[in-house]
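Colleague: Below are the chains, spelled out letter by letter.
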Amino acid sequence: MSSLSATIQDVFNEPGCNKNANKSEAERRKGCTKQLQPGGAAGGCAFDGAKIALQPLTDVAHLVHGPIACEGNSWDNRGAMSSGSNIWRTGFTTDLNETDVVFGGEKRLYKAVREIVEKYDPPAVFVYQTCVPAMIGDDINAVCKAASAKFGKPVIPINSPGFVGPKNLGNKLAGEALLEHVIGTQEPDYTTPYDLNIIGEYNLSGELWQVKPLLDELGIRIFSSISGDGRYREVAYSHRARAAMMVCSKAMINVARKMEERYGIPFFEGSFYGIEDSSDSLREIARLLIARGAPDELMARTEAVIAREEAKAWAAIAAYKPRFKGKKVLLITGGVKSWSVVAALQEAGLELVGTSVKKSTREDKERIKEIMGQDAHMIDDMTPREMYKMLKDARADIMLSGGRSQFIALKASMPWLDINQERHHAYMGYVGMVKLVEEIAKALFNPVWEQVRKPAPWQGASATWQTTAIAQMEAEAAALAADPELAEKARRAKRICQCKPVDLGTIEDAIRAENLSTVGAVRQRTHASGGCGACSIRIEEILAAEFPAVALLQAAE
Amino acid sequence: MAKVTISKKACAVNPLKMSQPIGGALAFMGLRGAMPLLHGSQGCTSFGLVLFVRHFKEAIPLQTTAMSEVATVLGGYENVEQAVLNIISRTKPEIIGICSTGVTETKGDDVEGYIRLIRQKHPHLAKFPLVYVSTPDFKDAFQDGWGKTVAKMVEALIDAPKTAARRDPTRVNVLPGCHLTPGDIDELRTIIEDFGLEPAFLPDLAGSLDGHIPDEFTPTTIGGIGVEEVATMGSAGWTIAIGAQMRAAAEAMTQKTGVPSRVFERLCGLEPNDQFITFLSEISGRPAPLKYRRQRGQLVDAMLDAHFHIGGRKLAIGAEPDLLYDLSSALHEMGAHVSVAVTTTQSPVLQHVATDEVLIGDLEDLETLAKARGCDLMVTHSHGRQAAERLAIPFYRAGIPMFDRLGAGHQLSVGYRGTRDFIFKIANLIIADHEEHREPTPDTWRPESAVALAH
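Protein sequence lines correspond, in order, to chains U and C.
Read in order, the letters of the first sequence are residues 22 to 578 in our numbering.
Read in order, the letters of the second sequence are residues 6 to 460 in our numbering.
Pulled out of the complex, with its shape left as it was, chain U reads as follows (with noise of 0.2 angstroms):
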């Protein structure tokens, strides 16, 4: 086994992720790799991940070791800012040509490394395996290592060809590189009880420098960022910091755990989307360090920020109330911004729809949370016809949702928001919350809509196609209810699990025939929420209807 694969396989049994932790040991030896679906995959591969992790690390060169595909069509397409050098924003890549595919890359790189060092001299490079020099055996360790001795300067392998999985994998050996490499690796000039390592947030569009000033304010210092406007040097020797977060995602949680593991460095995760969780963050903060030794009165000052704050947050909110009055938002999302969002648009008088939402315990966020994820899911095979009907239906007046669903949205005339990765704005923190509202208000009475709604002039108001299109659905609506043998096909046909394709039909057949009862009985027999398990709350409600009784013995336990 190389030493590739046996990184991936330490991935997959990070213990620290959920997901991973509910697949089956055969599922979890497939790896992600199992999900990608020829000719019905979206996203990026495991190179594109790593890049993304890592490339927000601002003083680093990023050499991207492959044909001109990997660099040559993606670079420089990040929104992740910086406050000082731009070198990150540099594309660099070898460019292999047909000579170094016969006769190997291997050369070209170590020659390509010391033009970096000589034109730029950054404090590390980082080199990025792809696909084809994997395939022709180019040893990028071996490479690096020469390299680094060479030139008296850190040259770090980053191995994650594209082809060994998905983006998210890619998020967490980009990780391991890290452990393996650069963490630990130097140490800082001083070190103070208030050093706070946050781990992967990526500072898009600045979004870091909404929280920022709180921090500074309470005198705790972002001692490392991995990797939103990081340095390299940082990096190197975070592993004297007093406490961690893990912010919003899963991508890092191997580099969190493990510097936890290794050198005590205690970490939660947390959340600066939304207000309420922006203070549990805060909190949270304070509590780790004065654990780790900082002094008790931290909690004091950071609870008398986080009342000011709020309160100033919660004000400016209460400013759009009037003006939201009756205005319903459908916001899909999936992730753990969905929940922190809820509160704010709640309390800015606006009704969501689509998604009962009640503000509860713990493990309704969760639900709330996997229940938007499915519909985040789900919307991204929906044709601009059925949108706009669920957008009628629902009688929303505007769509929250990620970048995938923009152009469906904006062609069915709705208002819509990016809440996703690709976002212009930056949302985080207390201000961030109220940017957020006010973008809300920006779209929802923007005049536009009722222009680009407007019949042309030579169309009838019953001949755009937004009727024609209710039209058609309605009609085909029709001919279901006159037809219950078509109805009974339609409704089977509906898609459950989006991931592995998988219908109604077949989980319903599968229960029945060999009478399962649980997820995963059905996820072993029918594939369906083996990948991303989204529709594991989906697949429990099949069960609930198919076993009343069984559904009634869990509820009384």
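Don't read these hints as lab results, they were simulated from the structure.
Be aware that one or more of the hints could be misleading.
To be verified - Below, simulated BS3-like cross-link-like pairs (lysine-lysine); rule was C-alpha separation at most 25 angstroms, straight line:
no., chain 1, residue 1, chain 2, residue 2
1, U, Lys140, C, Lys14
2, C, Lys14, U, Lys128
3, U, Lys521, C, Lys261
4, C, Lys167, C, Lys261
Given chain U's structure and the hints, the job is docking chain C onto it.
Modeller: Chain C only, in chain U's frame:
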């Protein structure tokens, strides 16, 4: 006559070049109901997808065979087969266009063979349009991928006419290079139609990526030329190819169908458009419509007004060969000096660029040379933004990608009118730069040694 040199660096810095497969994929996007499919790992597709989404601000149909490490080593037949079956069941396309990538070419997958096997195994696909082009990432560049793909479409999709007599002299095939925007294509359509001719564009990005609201939404392309229309291109009277990259496709067309063809290497500038209009007049037998006589006058007047500003400018241009040749020539004819020319790949037009040397290189080369030679105008795609900012010179965005400004699909440079607009835009950039940064001060003309004394 320009000499073409190739950069000797081991490390490309700030790439100008993009890869062949996505050039091929974009060509397929000019067909109606198309789903381009890259045979490679899923990143090959997602990078291309993001690039085009950011350029066109549109949903982009582009799929992947999602090759894993194991599949790559064992060969990708199953992935290609599954991808084709999945795409057909999920998106009901009219055509699937397959491009290879670096990873599958390194292994040497025989995709033509795979397609034959798929057709055998699945008889309902025996006649389904599946077009394959070999486009390894480690050779050539974006415009080569586009050119090869259109040539392949000609070979695979056009029926050879049975008799030459059935040709329709009013029908004209147009093979546009990838340097033309959807807006350029629409402009050409109007011009050709104004001569009473019926143009058919292969590929027709103006139908699919011009940013319109379609009547029917599909996950495939929402417009473009239909496969059935492509099939009949053999009975047209003429084929017009635009850009040297389309010469191979034009020759393939003539060879297969006997339709005579003419290549126009440029369509930006006064003289190339005089030639174009003369040609249309000849083949249609109609005099140039009044509209174009007026447009020509407007262009001449624009050239007179703008030459004050463009004349003497030192241009640094980075673009693919056909775009480079077209725009640099137009600016040269306005009195600009083509001081630095950097391009991505070999082409016969490069030697005609009005400069001493054309370098096959990257944007670092463009920036370094522009600085050394004191250039004061930069033309390249959006990735030139960092260099232009550092050099503090006016910057005109041209080519793909143009992700940091709106309207990439409608930027016009062909025809009398397109040339006029192009010249105005360049001149206005220069004027604005002068107003913002170069107004004279009391010290402007003072020798540097005297500046310190004066203060």
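Colleague: Assess, step by step, whether the Cα of Lys521 of chain U is no farther than 25 angstroms from the Cα of Lys261 of chain C, and give holds or violated.
Modeller: Not satisfied, since the Cα-Cα distance of roughly 44 angstroms exceeds 25 angstroms.
Colleague: Can the restraint linking Lys14 of chain C and Lys128 of chain U be considered satisfied, given a maximum Cα separation of 25 angstroms?
Modeller: Holds. Lys14 of chain C to Lys128 of chain U sits at ~12 angstroms (cutoff 25 angstroms).
Colleague: Do the alpha carbons of Lys167 of chain C and Lys261 of chain C lie within 25 angstroms of each other, as the hint requires?
Modeller: Between Lys167 of chain C and Lys261 of chain C the Cα gap is close to 11 angstroms, so the pair holds against 25 angstroms.
Colleague: Are Lys140 of chain U and Lys14 of chain C close enough, with their CA atoms no more than 25 angstroms apart?
Modeller: Holds - the C-alpha atoms of Lys14 of chain C and Lys140 of chain U are around 12 angstroms apart, at most 25 angstroms.
Checked against the numbered hints listed earlier, the structure breaks hint 3 alone; every other hint is satisfied.
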